[in-house]
Amino acid sequence: GAGVSQSPSNKVTEKGKDVELRCDPISGHTALYWYRQSLGQGLEFLIYFQGNSAPDKSGLPSDRFSAERTGGSVSTLTIQRTQQEDSAVYLCASSLQLGRGLHGYTFGSGTRLTVV
Amino acid sequence: GESVGLHLPTLSVQEGDNSIINCAYSNSASDYFIWYKQESGKGPQFIIDIRSNMDKRQGQRVTVLLNKTVKHLSLQIAATQPGDSAVYFCAENRAAGNKLTFGGGTRVLVKP
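Quick mapping for you: the protein sequence lines, in order, are chains A and B.
Residue numbers for the first sequence, in this note's numbering: 833 to 948.
Residue numbers for the second sequence, in this note's numbering: 279 to 390.
Isolated chain A, as found in the complex:
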């Protein structure tokens, strides 16, 4: 597609429920990243994928968080047993190549997750 697409744009869930957030990167972008942005704060790295290499999961805050990327394209971020502190905007980005990719990343508009 023309840009990075994320769905849903907003999600309200009850504490303890599982949620899945979806990211469609730009076609041809081999690297895909997930970041979390809490209210009024900066971007916290969660995980990235590059081609068929093992993902870098070093930013995932707990084992309730997981992500996968199928076919080198679409990615899903799953949060199990959601807690109120998981409330944030979850941003996905893609780039042509890891790290030093041309002009950095292209971000989606994010999914705003609210846990009540």
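Worth double-checking, as some hints may not be accurate.
Over 10 Å on every C-beta distance to chain A, these chain B residues come out as not near it, computed from the model [what the hints assert, rightly or not]: (1) S290; (2) N296; (3) K320; (4) G382; (5) K389.
Just a few of them, taken from the derived set where beta-carbon distance is under 10 Å, the chain A residues facing chain B [unchecked claim]: (6) Q838; (7) S841; (8) G848; (9) E852; (10) Q869; (11) Q873; (12) E876; (13) F877; (14) G891; (15) V921.
Keep in mind that the hints were calculated from the coordinates and are not lab data.
Don't be surprised by glycine CBs; every beta carbon is placed ideally from N, CA and C.
Position chain B against the provided structure of chain A, taking the given hints into account.
Only chain B this time, still in chain A's reference frame:
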């Protein structure tokens, strides 16, 4: 830069004036830097980047300055416009690293 929690530093600037946004980075091994602009309800958008072999780079109405000695990065916006109102983030890529690390952000408010 580090997160500043719920209270982003805010820069109020009169329309037409120049703006300067500052960012301190922590890792001397970082060799690639980017400024992003984030408007309300949107994801961050690329503004300008600079590599560590440069100390200045200019774009359209924007200039990035890099001082490696004190690990400081700044973004200058000339003739600030209402559409420049947003949160601005600096990001660094550490040499041979694989991801960007973001600073805490600065909110710019343009007064008409």
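Here's how the hints hold up against the structure:
no.: 1; hint: S290; result: holds (17 Å)
no.: 2; hint: N296; result: holds (24 Å)
no.: 3; hint: K320; result: violated (5 Å)
no.: 4; hint: G382; result: violated (4 Å)
no.: 5; hint: K389; result: holds (21 Å)
no.: 6; hint: Q838; result: holds (8 Å)
no.: 7; hint: S841; result: holds (9 Å)
no.: 8; hint: G848; result: violated (26 Å)
no.: 9; hint: E852; result: violated (19 Å)
no.: 10; hint: Q869; result: holds (9 Å)
no.: 11; hint: Q873; result: holds (5 Å)
no.: 12; hint: E876; result: holds (8 Å)
no.: 13; hint: F877; result: holds (6 Å)
no.: 14; hint: G891; result: holds (8 Å)
no.: 15; hint: V921; result: holds (9 Å)
Violated hints for the displayed structure, listed by number in ascending order: 3, 4, 8 and 9.
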